[in-house]
Each structure stands twice: as structure tokens, then as C-alpha cells.
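Full structure from sequences and hints, please.
2 protein chains.
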Amino acid sequence: MAILFKNVTAVTMDPAQPVLKDVFVAVEGTKIASVGTERPAGDFDRVVDCDGKVMMPGFVNAHTHVPMTLMRGYGGGCDLQTWLHDYIFPAEAKLDDRCVAAGAALGLAEMIASGTTCIADMYMNTETVAKTVLEAGISANLACGAVYFGDPADFSPATCNDCANHIRLYENWHGAGDGQLLVDASIHAEYTSCPPVWQWVADFAQKHNLRMHVHVSETASEHVKCIEKYSETPASLLDRYGVWQNGGIAAHCVCLSGGDAELLAKRGVTAVHNPVSNLKLMSGVAPLFFLRECGMGVALGTDGVASNNSHNIFEEMKVAALTQNWNFGEENGQLSAADILAMATVNGAKALGRDTGVIAPGKIADLILVDFTAPNLFPCHDIMENLVYSAAPANVAMNMARGKIIYENGVFLTLDLERILSEVKDYSLPHIFG
Amino acid sequence: MAILFKNVTAVTMDPAQPVLKDVFVAVEGTKIASVGTERPAGDFDRVVDCDGKVMMPGFVNAHTHVPMTLMRGYGGGCDLQTWLHDYIFPAEAKLDDRCVAAGAALGLAEMIASGTTCIADMYMNTETVAKTVLEAGISANLACGAVYFGDPADFSPATCNDCANHIRLYENWHGAGDGQLLVDASIHAEYTSCPPVWQWVADFAQKHNLRMHVHVSETASEHVKCIEKYSETPASLLDRYGVWQNGGIAAHCVCLSGGDAELLAKRGVTAVHNPVSNLKLMSGVAPLFFLRECGMGVALGTDGVASNNSHNIFEEMKVAALTQNWNFGEENGQLSAADILAMATVNGAKALGRDTGVIAPGKIADLILVDFTAPNLFPCHDIMENLVYSAAPANVAMNMARGKIIYENGVFLTLDLERILSEVKDYSLPHIFG
Numbered sequence: 044m045a046i047l048f049k050n051v052t053a054v055t056m057d058p059a060q061p062v063l064k065d066v067f068v069a070v071e072g073t074k075i076a077s078v079g080t081e082r083p084a085g086d087f088d089r090v091v092d093c094d095g096k097v098m099m100p101g102f103v104n105a106h107t108h109v110p111m112t113l114m115r116g117y118g119g120g121c122d123l124q125t126w127l128h129d130y131i132f133p134a135e136a137k138l139d140d141r142c143v144a145a146g147a148a149l150g151l152a153e154m155i156a157s158g159t160t161c162i163a164d165m166y167m168n169t170e171t172v173a174k175t176v177l178e179a180g181i182s183a184n185l186a187c188g189a190v191y192f193g194d195p196a197d198f199s200p201a202t203c204n205d206c207a208n209h210i211r212l213y214e215n216w217h218g219a220g221d222g223q224l225l226v227d228a229s230i231h232a233e234y235t236s237c238p239p240v241w242q243w244v245a246d247f248a249q250k251h252n253l254r255m256h257v258h259v260s261e262t263a264s265e266h267v268k269c270i271e272k273y274s275e276t277p278a279s280l281l282d283r284y285g286v287w288q289n290g291g292i293a294a295h296c297v298c299l300s301g302g303d304a305e306l307l308a309k310r311g312v313t314a315v316h317n318p319v320s321n322l323k324l325m326s327g328v329a330p331l332f333f334l335r336e337c338g339m340g341v342a343l344g345t346d347g348v349a350s351n352n353s354h355n356i357f358e359e360m361k362v363a364a365l366t367q368n369w370n371f372g373e374e375n376g377q378l379s380a381a382d383i384l385a386m387a388t389v390n391g392a393k394a395l396g397r398d399t400g401v402i403a404p405g406k407i408a409d410l411i412l413v414d415f416t417a418p419n420l421f422p423c424h425d426i427m428e429n430l431v432y433s434a435a436p437a438n439v440a441m442n443m444a445r446g447k448i449i450y451e452n453g454v455f456l457t458l459d460l461e462r463i464l465s466e467v468k469d470y471s472l473p474h475i476f477g
Numbered sequence: 044m045a046i047l048f049k050n051v052t053a054v055t056m057d058p059a060q061p062v063l064k065d066v067f068v069a070v071e072g073t074k075i076a077s078v079g080t081e082r083p084a085g086d087f088d089r090v091v092d093c094d095g096k097v098m099m100p101g102f103v104n105a106h107t108h109v110p111m112t113l114m115r116g117y118g119g120g121c122d123l124q125t126w127l128h129d130y131i132f133p134a135e136a137k138l139d140d141r142c143v144a145a146g147a148a149l150g151l152a153e154m155i156a157s158g159t160t161c162i163a164d165m166y167m168n169t170e171t172v173a174k175t176v177l178e179a180g181i182s183a184n185l186a187c188g189a190v191y192f193g194d195p196a197d198f199s200p201a202t203c204n205d206c207a208n209h210i211r212l213y214e215n216w217h218g219a220g221d222g223q224l225l226v227d228a229s230i231h232a233e234y235t236s237c238p239p240v241w242q243w244v245a246d247f248a249q250k251h252n253l254r255m256h257v258h259v260s261e262t263a264s265e266h267v268k269c270i271e272k273y274s275e276t277p278a279s280l281l282d283r284y285g286v287w288q289n290g291g292i293a294a295h296c297v298c299l300s301g302g303d304a305e306l307l308a309k310r311g312v313t314a315v316h317n318p319v320s321n322l323k324l325m326s327g328v329a330p331l332f333f334l335r336e337c338g339m340g341v342a343l344g345t346d347g348v349a350s351n352n353s354h355n356i357f358e359e360m361k362v363a364a365l366t367q368n369w370n371f372g373e374e375n376g377q378l379s380a381a382d383i384l385a386m387a388t389v390n391g392a393k394a395l396g397r398d399t400g401v402i403a404p405g406k407i408a409d410l411i412l413v414d415f416t417a418p419n420l421f422p423c424h425d426i427m428e429n430l431v432y433s434a435a436p437a438n439v440a441m442n443m444a445r446g447k448i449i450y451e452n453g454v455f456l457t458l459d460l461e462r463i464l465s466e467v468k469d470y471s472l473p474h475i476f477g
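From first to last, the protein sequence lines stand for chains H and W. In short: position in the first sequence from 1, add 43, done, that's my numbering. In short: position in the second sequence from 1, add 43, done, that's my numbering.
These aren't lab readings, by the way, just hints derived from the structure by calculation. Just so we're clear, the structure is a prediction, and the values are computed from it rather than from any experiment. One should not assume that every hint holds.
Note that the list lumps identical chains together, so a pair holds whenever it fits in one copy or between two copies.
Claimed, not checked - Computed cross-link-like contacts, DSS-like style, restricted to lysine-lysine with a CA-CA straight-line distance of at most 30 Å:
#1 Lys-49 / Lys-468
#2 Lys-49 / Lys-74
#3 Lys-64 / Lys-468
#4 Lys-137 / Lys-64
Encoded structure:
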């Protein structure tokens, strides 16, 4: 399949030429074949006129739990621990594969319609998530987030479910769909597991050359308790077991201590900022200027919609910009719209080890068209300002993931929305919530 | 015109019965005629099936400057004073009636599509705004925001433009459209005028029984400078001239001093919170728990989109909830979704002196239908949580203002969107920005 986009205004995320006007972008197979002012030679299966629209890389939602879409708004108004123990864990205990598939498909529909083309997801029943994402067509780094509440002395890879889950997930799905799916090694968090688990997961990552995905210092309470228990911060403690050796994702990083960010930067770990979830659960505002100064890449995620309650990266960008600039901007200068867009695209791509997030020849063709004739995006004095501060999911006119158009003008081309809504309503909700 | 809504799930904003299910809502003329479980007798011009949708009162955007839509994103990244003096004031100096009409119409289109049915607007060329709002169909309290930079000793009502503007606006537009338009007396702000202006505007309000609309203590700098100059806070200073005698709107209230909120509460003045604009201009986070404890009503506004950059009350609700609960929630308990919805509807209606913002018989029929089958609003564990934390402008399926359907399924029924976009593009932008 070869598709030519003409009359393109593109926000490329390439600092050398951040905005291109009146260019052609050709896509062949899964990749961007050319970007330029001359119409490329050759036949195209389709020519898309982009007049009035802006092309940009699809969003990378670098930390989410997509099946939790079933719990949208459930337990609203609680702090993180109450919300987890009184609402989320009891609901999750009732999940089965069918629920997970339905919840994941519903969340993916929301993500696709709002311009996301790549995610890093951490959840249980991860093989089911894998199948669902593969059908939906976006790219995903999948993680099964090892949890272990047993006595550390009793830990054995042979009896720990999440070790078996890691192995199955890796063997069955790593690289599936010609690289559409990648598997990350994953520890849910320091406080939901223990040293032998960390050692096993780190060794597994080393053996298979996998990146890591962990919740790190999301709340002050979790951070302080770890120091009390181990005399060390979560980031530093996990490092002693080799957890960060291949880089990856430290989700949240709201409460890192002094050396943590420098250590994580040295290991090539990206901080994934989830501003809406962190405010909703009253966890705080991650210090992005500080993390960047320490050399960390910063990407964006929605977290699960149970604590958001949307999969809307436009909103995540705006809330990130507003809260960072107000909380830390006076002494640091402001994060620019370009900084924020990088967090939502290319920085996430790097965190996931993917050659996307930039509109340039050779990159994976993950891109979206945003309708700038909509009243909420007009007039446009600065494209990047409008994308960060004014754009909304409804402005996404097209979502192309890996060279395939998966959503256009409100129509899902890989998902059956009616079937998904029925499945959630008729099976998942009664099954989980009675 | 009589319209019957059937199969209605309604968030009423009536605390006695906050959510009604499976009811009929009848509208006759500009008012809600009945709300009940029995189908009302009589013939209806149209019956609207609300299955899958939620009805709620239309939003009241209680502080905005709608013609500034022309300056969306203009001067992004500056603090309030730089932004005003280097970008906004020079652009505003070039505005003419035709620009104001086009900018107002564009902003009204965005507002109507996102569920707003009533606004409090403060801007220049206010008679042009009046004409435009009257055609668009929503209700508005209009204010011309008196500004006077001359020597106070030289002030004379006969030579002050904004005195003449007050008189013309009141005489030509107060009560127009059977109450669709109301005129508020208005001082732009303490720091943009002086005592003789305050006295004149206060006397004008007293004479014609008008409410007041003023920017109050938006930034710490403005608040402190007023104390340095007059040994008194802006709220208290203006009160000495009788400015608050008929109640009205104190926009922003980010930096009130101790007695200010109690004084304004006693005068029946509502604080209008503009959380996005206050963060964008790095002004701060208004202390809503404190204002409420002092007895003030709190409503929501977008401010002008030049500092927002949207007219999206859904977003304003979510950002208000997230920032209040994070900044002040720990010691105060959280603002509930119901509290936030009240700020966006009935509290704004009260601030504007209007009998709307509640779905009940006899109220003005300002109401919207929100499509809860959209993936981003599904599932729904709690209607109010979903409205505050998950809903978006694109979920607005219908906007009815004063009993008339003005927007339905993406189509504007009172505005010609194509004509508005052309007028902005072909006339206003070249005229202002060259």
C-alpha cells in the first residue's frame, strides 16, 4: 500500500526543520518513504489532500493500563491507597480474559480516535491485551508488571505467576506483527514486590535484551516507606539488582531524591509524566525541569483511565504545560509548546525503543491529521501553541499507524465499536460489578 | 414551539433530586414547562429521544472576552503584563466593529458547540458583541469594562468614552431579546482606572439597578501595588465607592486578602474562577475552599482564549477540580464532581442574575444533551464523575438556548460557520495582524 499526502503542513518533531509547509509526504508499507516539496514519482493507491489540516507524529502514550478503561471514574474522589485497595483491586480480582479484551478494545478506540499510535501498557492478562492491540493496529510495548506479596524466602520462579507470565509474553508476542508488539520486562513497583523478584526480572531482561517498565516514586508515602524499609530510594534500590541495565520507563517520578534522576539518566531510563492522574490521586506534580536538568528524557502518559479519566494526550499536554509552568516556570523559564509536543511524541518513542515520533524518511509511518479549520483551532497564530493549548481529540481527522489508516473522519477501520460497546455492557460490567 | 424530550437521564443541579432517570422534559417557548415521569399532555412540534444521552443545564461561562478569539494563542509563553502590553493591547488598538463581530461569532461557535448557553462578557465595541450574541441565540450579560488612563483630575463623564459606552449599551441593549441580553456595569480593573471612574460607574449601576463585573486581584503584583498606592486592597477600595452594591462578578480572585472574600460575600458578589488562564499567565490558583468558607459563590469562566486557549468549560471543570484538590484538598476534603458542576452552571446563573442553570419547571430552557455512548464516556460508573473528568465538547449532541435548538449533531442552526471562518480569514486577520 502506497499513500501520498499532498498540501501537507507538518509539525515534524525534527528540530532541524520543526514545521514544514506545502510538502508531499509519501508512505510505503509501514514507513515514511519521502518528505519533500516535489511530488515523488510513482503510483499511489491513494492521494490524501491535507489542505486545512496539520500532520504530526501520532502520540506515544508511554504509560497506561488500557484494560482499566472498564473502571473509568470508579472510586472517584479517593487518595491512591484507598482507591487501589477499596475499589480497584476488588474489581481487578474479578477480571477474566474476556473482560480484559473488551476493556482494552474500548480504551484503544478512545486512544485511536484521539491520535495515539503507540503505547506502553502494563497490565495483567497481558497476552489478551497483545491480541487486542495487534488487531487494533497501533504499536505497543507490553508489560505484565510483576507483583509478589509472598514471603521473599518462599519466592521461586517456578511458582511465581508473573515469572511464567513474563516468559509466555516474551515467547509468544515479542516482535509480533513485524515489530508492532514489543515486550518489556516489568516490575509493577518496589512496594508490590521484593528483591528476589527484582533479581529475576532484571536477569530476564538481561538475557533477552529487554527494556524495563516500573512505577517509580509515584507518591511521597511510597518513596519514604522504601527508604525506611531499605535505607535506599526505589530508583537506587532497584538499580542494585540491575533492573535499569537496558533502560526503559520509570513511570511517574513525582518524588525522586537527589541522585535518583542522575542515576536513571545514566541508565537511559525515561521519566513518564502522568500529570492528570498524579493530580487526581493527589500524588503531586513531577519536577520536570529538574528531571530534564539531570539528563532524563521526559515522556507523557495518561496512566489508566480509572485515575484520569480519559486517554486524551491533548489534555495531558495542556495540563503538563500549565502545571509545570505555574509550579516551576518562574525560576526555570517556561516549557515551550515544542518541548511539550516532544514529550508526547518523540521522547516517548525513544523511551519505548521505537523508530517513530518524527516525520522523516525511513521512520515508521505513525502520523495523524488534525483539522485546523475547526472553530476551536481557528485562527492559528502558532501551530504548536494551537496543538498544545487548543486542540482536542475531535480535531483528529485521521490516524495512520504503521502505514495503515486505522481511523478516518470518525470511523474506526480496525475496530468494531458497536461490538465493543455491547461486549462491555452485556458481559464485562455485569461480570465485574454485578 | 413546544419540544418534548423523552427517555431523559438528567443531571438537574437541583440538590433535592440531583439525578433523574427515565423522565420527560417538556419545553414551551423559552422555558421548561414540566419535568416528570409521566408523559405530559398536549401536542409537541418535536419529540427528542434522549436514550444514551445525558441532559444537563447548559454551561454558564461567567467571565470571558469573546472577540479575543481572534488572538487565540497570540503571544503564548509570556507573563500577564508582557502579554498584555507587547501583544494584546497593540492588536486590540487595530480592532474595528467588523473584526469584533467576526471574532465574537467565532468564539460563540466554539462555545455553542461545547455546551455553553450563557456568558458574562467584558469587551470593547460592546454593542457589536450584543448584536452578534443576539443572533447566536445564547444569553449574555454584557459589560464594556471601563478603562481610564488619564489624570483623575481631568476625568469628566462627558469626555470619557467608557461612560458614553455604558450609557449607549444600557439604553440600546439592556433586556434585549426578551431578557436574552442584560447589561452589567463594569470597571475593567482597579489598575486600569481611577476613583472618579469607579464613582461614576457605581452611581450608574445604582441608578439603573445593574450588577457589576470587574477583574479583581488576578495577580499578586496587581494586588500588592494597589495596597502600596491606596493602602487598601482592590476589593475593599472599590467597595468604598459603592461598586459592589448590587452584587455581580469579581473575576479571578487569585490573591484576595483576609477580609476581601467576606466583604464580597456580604455584597452578593460571585468569584469567577478561570483556572486555565490563571495557570497559563502564571498568575496562580485561586483559593476556592477559602472563598467558599467566606460565603462567596464560585462560578467558572474561560477568560479570553488569548490566554486559555479554548472556550471549553469541560476542560475548565476538570482543571479546576484537579488543581483545587491537589493544592488545597488535603486539609479541606475534596471538591466533589457535583460541586464542580454547580460552579459551571447554577452558580454562574446566580452570578448573572438569571433564572437558569437548573433543570426544573419554570426555568429558562438552557440545556444540553451529552452523548454517553461515545467511547470516551463509556462505561459510566457515576454520571457526574464522567461529566467532570471524561466529557469533551465533541460529546455535546445538542445545545438548546432559551428553548431554541441552536446546535445539533455538529450543525450550527443560528450561525453560518463558513461565513464566519471566511470573514476572520479574509478580513479580520489581515486588518489586525497585517
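Copy assignment of Lys-64 with Lys-468, given that the CA separation must stay at most 30 Å:
Close across copies (18 Å), not inside one copy (45 Å); limit 30 Å.
Within, between, both or neither: Lys-49, Lys-468 at alpha-carbon 30 Å:
Intra 42 Å, inter 22 Å, cutoff 30 Å: inter-copy only.
At most 30 Å between alpha carbons: which applies to Lys-137 and Lys-64, within, between, both or neither?
between (52 Å within a copy, 29 Å between copies)
Is it within, between, both or neither when you check Lys-49 against Lys-74 at 30 Å Cα-Cα?
Intra 17 Å, inter 50 Å, cutoff 30 Å: intra-copy only.
In summary, the structure agrees with every hint in the numbered list given earlier.
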